[in-house]
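J.: Place chain Z on chain B using the hints.
Quick mapping for you: the protein sequence lines, in order, are chains B and Z. 1 is the number of the first residue of the first sequence in the working numbering; add one for each residue after it. 1001 is the number of the first residue of the second sequence in the working numbering; add one for each residue after it.
Keep in mind that the hints were calculated from the coordinates and are not lab data. C-beta: ideal position from N, C-alpha, C; glycine also. One should not assume that every hint holds.
Unchecked claim - For each label pair, taking beta carbons as the anchor points, the in silico distance ranges come out as:
id : chain 1 : residue 1 : chain 2 : residue 2 : range
1  : B       : Gly-51    : Z       : Lys-1152  : 30 to 38 Å
2  : Z       : Ala-1134  : B       : Glu-6     : 27 to 35 Å
3  : Z       : Ile-1034  : B       : Leu-272   : 55 to 63 Å
4  : Z       : Lys-1152  : B       : Leu-130   : 43 to 51 Å
5  : B       : Gly-71    : Z       : Asp-1105  : 42 to 50 Å
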Amino acid sequence: MNPHVEIESTRSLAGALGERFWGWEIPLYLFLGGVVAGLMVAVSALLLWRGKDRATAAMRTGLWLAPVLLGTGMGALFLDLSYKLHVYRFYLAARPSSPMSWGSWILLLVVPVQLALVLALPPARLARQLDRMPDAVRRIRALALRHFRGLAAAGLAGGVALGVYTGILLSATVARPLWSSGALGPLFLASGASTGVATLMLFEKDEMAHGTLARFDIAAIAVEVALLGTWLIGLLGQGPLYREAAGVVLWGSYAPLFLGFVVFGGLLVPVLLEALALKGKAAHSRVVPALVLAGGFLLRVVVVYAGQVIGFVRA
Amino acid sequence: MLACKTENRVPEGFYRDWVVQELRGEYPTLSLSIRSERCNHCEDAPCVSNCPTGASYYRGDGTVQIDRDKCTGCRACIAACPYDARFVHPDGYVDKCTLCVHRLDAGRPTACEEVCPTGAIAVGDASDPTSEVARRLKHESAYVLSPEAGTKPNLHYVRGGSAR
Chain B
1 MNPHVEIEST RSLAGALGER FWGWEIPLYL FLGGVVAGLM VAVSALLLWR
51 GKDRATAAMR TGLWLAPVLL GTGMGALFLD LSYKLHVYRF YLAARPSSPM
101 SWGSWILLLV VPVQLALVLA LPPARLARQL DRMPDAVRRI RALALRHFRG
151 LAAAGLAGGV ALGVYTGILL SATVARPLWS SGALGPLFLA SGASTGVATL
201 MLFEKDEMAH GTLARFDIAA IAVEVALLGT WLIGLLGQGP LYREAAGVVL
251 WGSYAPLFLG FVVFGGLLVP VLLEALALKG KAAHSRVVPA LVLAGGFLLR
301 VVVVYAGQVI GFVRA
Chain Z
1001 MLACKTENRV PEGFYRDWVV QELRGEYPTL SLSIRSERCN HCEDAPCVSN
1051 CPTGASYYRG DGTVQIDRDK CTGCRACIAA CPYDARFVHP DGYVDKCTLC
1101 VHRLDAGRPT ACEEVCPTGA IAVGDASDPT SEVARRLKHE SAYVLSPEAG
1151 TKPNLHYVRG GSAR
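Chain B on its own, in the form it takes in the complex (with noise of 0.2 Å):
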């Protein structure tokens, strides 16, 4: 039996102790990270399977939405930074140790082969507006074009490589007992396919491409719930201090959020609705890729939040 153990700092008195590190911008970056990585294996994989000439609305629509919505986390980020003149020093460093210098060297490479796909498969507005701009532009629309097939295999390696830096981005840290699982970096990229196909559903007007990404959606979210099991059984496991961890979310303050909102609400009403959809039963609608999203989005929330609540100091 473990001793009676009654701990207390000068620190914890003063209330100096167990003050959250990161706020809101990190999940919703996390979230906007795992979206785009999920738009863009998903449409990168498309365009290799079916290509370019047989791109959907929705695709291309796909293509856009992945670096605005990129920019959008890495505005986030930047928001996070307390030192933002440094914000430079991420270039001139690169540290194979720190997943987080992967990730802004990631995030450098990414955004280029994004916006070539967005000028080789343009959204109707922006096609319009092409030959109005300067011929730099036009020749890289050619480039793209000319070598399209090798362009949407980097997307497709630029999606993978986004998608696993933001899961491994919190279990490199030892320090918190809820991120120490490796599961974790699989269950946010299985995350991140599902809210990236959600997304393009948002869009998809296609009875029949509906159905294919709705199937998609119900593997990812299979995946998902898997490893959402082998992350939190796993910390069940190992020791009292990982129980304790577990415990926030599963039995602790984060509960209702995680079962209600992110377990019953993001995952298993979707699922449901989605097989229902493809039996015939029920119509596609908007609300199950929203919930997905929302599911997606509340995941991060709880896992950012819920590792900040327990560590291995008490005082």
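T.: Only chain Z this time, still in chain B's reference frame:
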């Protein structure tokens, strides 16, 4: 604590070191330990490996330091520190115990070591067998905090007050 705050101009509400009081057991077999805690200057420091800009670094003398000019305030190091030894200074950069390197470089003891009235704190080279630190570390009760974090901390504690 006060010496550290004064020496290093640590702002109001922030702490580079702090005192912990830990009561263990059930009456009548109770034990009370009081210890001064700070950055553990780990040998395998996750704050250093997670820092994306190289702002957190090993100085080569067993201490972990922060280069303020490289720090972006991203707080990856705060997330990675199992000892919660770091904080964001009001000026934006991340701050923590430096083990008073400016004093060590000048051949002086750290501020906490100098003012401790009972000589409970000893700073030095553990690999030198003639040093006070090496002598105290021979005591069987020497331990480190949260060894399960796997960071190989360089800050050691000796129980019982009989190490001197």
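J.: Which earlier hints turn out false for this structure, listed by number in ascending order?
T.: Result: hints 1 and 4 break, sorted rising.
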